[in-house]
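Following the hints, put chain Z with the ligands in place on chain V, whose structure we already have.
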Amino acid sequence: MREFAYARARSVDAAVALVADNPEARYLGGGTNLVDLMELGVERPELLVDVTGLPLDDVTEDGAALRVGALVRNSDLAAHPLVRERYPVLSQALLAGASGQLRNAATTGGNLVQRTRCVYFTDATKPCNKRMPGSGCPAIEGEHHNLAILGASDHCVATHPSDLAVALAALDARVDLQDLAGPHEIPLVDFYRPVGDRPDLELTVQDGALVTGVALPPLPAGARSAYRKVRERASYAFAIASVAAVLVVEDGLVSDVRIGLGAVASHPWRARVAERALLGGPATEAAFEAAAEAELDSATPLRDNAYKVPLVRDLVVAVLAGLAGER
Amino acid sequence: MTRFWQAAPSVGHPLTRIEGLDKVTGRARYAGDVAVPGLAYGAVVPATIPRGRVLNLDVEATLAMPGVLAVVHRDNAPRLTDIGEGTLFLFQGDRVAHWGAPVALVVADTPERAREAAERMRVDYFPEPPDTVFRADHPGLYEPEYVNPRNPTVTGKGDVDAALAGAAVVVDAEYRTPAQHNNAMEPHSATAVRSDGRITLHTSTQYAYGVVPTLSKLFGFAPGTLRVLSEHVGGGFGNKGMPPRPDTVLAVMAATLVGRPVRVTLTRPQLWPLTGYRTPTAQRIRLGADQDGRLVALEHRAALQTSRLHEFTEQAAVYSRPMYGAENMRTSHRVVALDVPTPRWMRAPGEAPGSFALESAMDELAEACGVDPVELRLRNEPAVDPTTGQAFSSRRLADCLRVGASRFGWAGRDPRPAVRRDGRWWRGTGVAGAHYPARAAPTTAHATALPDGSFVVRVAASDIGTGARTVLTQLAADALEVPVDQVRVLIGDSGFGPAMGAGGSMGTASWSWPVVTACRELAGRLAAGEPLPPDGLTSTFDSTAAIGARADYARYAFGAHFAEVAVDVTTGEVRVPRLTGVYAVGRVVNPLTARSQSIGGMTMGLSTALLEESSMDGRFGDWVNHNLADYHVATNADVGEIDVTYVDDPDDELNPSGVKGLGEIGIVGVAAAIANAAWHATGVRQRELPITPARAAR
Ligand SMILES: Cc1cc2nc3c(=O)[nH]c(=O)nc-3n(C[C@H](O)[C@H](O)[C@H](O)COP(=O)(O)OP(=O)(O)OC[C@H]3O[C@@H](n4cnc5c(N)ncnc54)[C@H](O)[C@@H]3O)c2cc1C
Ligand code: SF4
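Chains V and Z, in that order, give the protein sequences.
Here the first sequence stands for residues 1 to 327, where the numbers follow this note's numbering.
Here the second sequence stands for residues 1001 to 1698, where the numbers follow this note's numbering.
Hints were generated in silico from the structure; no laboratory data involved.
Glycine residues also receive a C-beta, built at the ideal position from the N, C-alpha and C atoms.
Negatives, chain Z to chain V, calculated, CB over 10 Å:
| hint | residue |
| --- | --- |
| 1 | P1139 |
| 2 | R1379 |
| 3 | V1644 |
Now the stretches of chain Z that chain V is said to cover, found in silico as 3 or more residues with beta-carbon under 8 Å:
| hint | segment |
| --- | --- |
| 4 | 1565–1577 |
| 5 | 1607–1621 |
| 6 | 1634–1640 |
| 7 | 1688–1695 |
Pulled out of the complex, with its shape left as it was, chain V reads as follows:
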């Protein structure tokens, strides 16, 4: 581990000023991912700017929307009465992640910016295009049983590990940011950059932009939502597939549907193809299955992760059927 300096940010502006134009600086949230990566020699910052003292730790109502500060801990967000009432999918996704201790430490902002768990990325003795651009991607021929089936490239097949982000994708959440130019906001699904030939560049925003919060728009009337995660171990394990879904059914027809898929791509995957196929059509298992299959038409599974294709399909069907059947 490289020796590093530590500073406590006194204000959002001060934090951004310290980190934004220093490629060797990192924000420190709960530290549950960053400090791990530092111990592994994957991250080697010279300066950590601790943002946990910033006044960004509230959940507030903003008209019909909900604003979540970037420093709200995962446990607090999951337990928040308004979240549980209005966005069960979000609460369920958070509680399906990590462990109680980790959720107590992990922040909303840190969770969105956490790095992939690809085993070559986390091992500094191995090549990896994401960690060391141009060194190659050993996962494609190697250990990839839990890597991407959608949207991957020949350069990287990593997945994004967050459960929270999958729910936020399905909720049409927006990310609040601040960089040297000031505050701005973008849809969560546009916050992540498609892999392409630069897997080291993960976000669309400027380096050193501080996530200050997340905005959750209201769900349409009659919406039901749910998150289901499949993992190899009953708790304390990353997803091998997950589905976050919001569904509105009127007179047997799908009037609104949003589907986020986790553990299938380098970022939370919004299943737009499936959504389009379902909208206005019947809310039946057959329709859900056809829609899931349409989405997975573009899947490019590797030697050891092809099991994910039928798994994701069946999971989408089970979650949507569950929501459609709830009355």
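For chain Z with the ligands alone, kept in the frame of chain V given last:
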């Protein structure tokens, strides 16, 4: 042998762990916690090729880094004697035998600086093409001279092929188990302190005494030079057994070179290639039986891997030798030496993977014959050890099966697979038998009566979290006929003399033999009025001769496991809501620590069934999931209800305390019981572990 089976005042009671409070309050000092003035820290520089040579080490640049005191490597390391233990023959040449093998040790004033300098060190290699991937048909497989611990490689009687050809029912199947890593919570750590020509080594070992002769031979130390201390050990599961691991050698080398005490603690990823693992196995079982399921032939063939540094052959097929009776039997092993780290002991080495194969095949036989799987096992109970012809000192497998069936509610089970759908889940139940050898090894212990009326017992035992210290205190107290609080048992010090390690489920049997004998003798001397000198009166006993004089018996603990399994119809997620374990393990000294061992073993069996798999990337010769986030061991949420019972198993042919070990039998057969239940739930046979959602029926 006289029977020591009467009701005892302490033995049989659930005494809580003597060091429990120290552990939960952080007062207990583990090897890596012992405070030593002037301590320096060593960090391993691991090889990053699987095979080849080290061409150049950039020692100069490393020495210039902050805090670095020295670099130990092939040019400055002490010359060692080749004792036939390649994993410890460190820095003696330029060969790289596997990924992760130490090529240098950086010593610095803080652990962080040592680690940073080690990670930055530039090493140039001449790589050679490696052979790292285990396959059941690897052309390099051969029959070793013997298998662990010193069992014959092949056993046989009758004519298996002819019997199979004539059998009414035949099962012929291959079973696979992956490499697994022990992953004790406490990493391996060694601290070497030199003073006055002597060396004290604080290390995390299951076998404090055993470290001494090995390192003394290796370094050429005169007797009395080395003392090994391991007061508390944070888990081992075989991984801290013999031989000592490289951290011990590195700490001694470094302390010699820098003239300061040095601590070497391995990181989690370094534990994987340096401290041992369970070999992957491919096992073929052929069973022949009559229509009623009575075996006429049993064959068990195992293929295993070892490293090029050391031949270590896990005794997987040995499980089948005493278990079920057949006129025609054959068991055999083949091993292949690869460019990989050296496999070592992991909880029930041999029995754990071997039982998965045989107990799964028995379930397939039960299906093929239409006989209930419990009944099938009862029908194949042998009168004597079917391989050696020896009488059993006691054999209570049938009791375990019957008691287990009744506690679990087995009666009336519908044998048909895939007919129990319950909402999201397919449900099923399964059973497996289990056994584990009951052995003891020579050990010396001392019992001292002090003038204040208290007693001190010294034996170089290890408590790796099992409760060994506690049960020895109970046994000693009863032998001395005093309350437990008058007895202090000191362990984990090689200076107490030769002693078996915590391994092979032999700890309590081995240590208690001289402890109980010396304590009884001491009590007799005191009763006879022998005067008590100011520094105490001591009785010492060495069990070597007594063990050698035992009658010729097959000595085993037996058990049975029952599992209920639920498989998610959509995702293939497998859950185990219920496990029942019934054991015949001789005398249960402490029901509390015994239960902990049993539920721990069963949980590790569940973990084996569903989760644990070290994934080798053959290009690197490295297991790439070398951390506890990617290598899954069972969590509380994976474990449902566990029911543990012990059946009466008085056995006079064991040792003075009548104990059989119970540290390992809890894992034996559990994976088979779960795999059999998964078949019962879904109708899909699970012949390969672990049963992940990707493999389970969907
Ligand atoms: C064993 C284990 C199991 C886990 N299992 C799961 C799981 O099942 N599901 C799941 O979703 N997650 C899981 N996690 C991951 C966990 O959720 C993340 O580590 C956590 O959410 C990260 O939040 P943090 O505040 O600790 O981030 P940190 O570690 O502090 O930071 C992570 C990254 O985000 C950056 N960062 C932090 N705050 C900000 C900010 N406000 N703006 C911009 N950048 C920022 C940091 O610079 C760093 O690059 C697991 C983690 C572990 C260790
Ligand atoms: S998948 Fe991506 S993160 Fe993993 S090794 Fe390849 S480039 Fe690196």
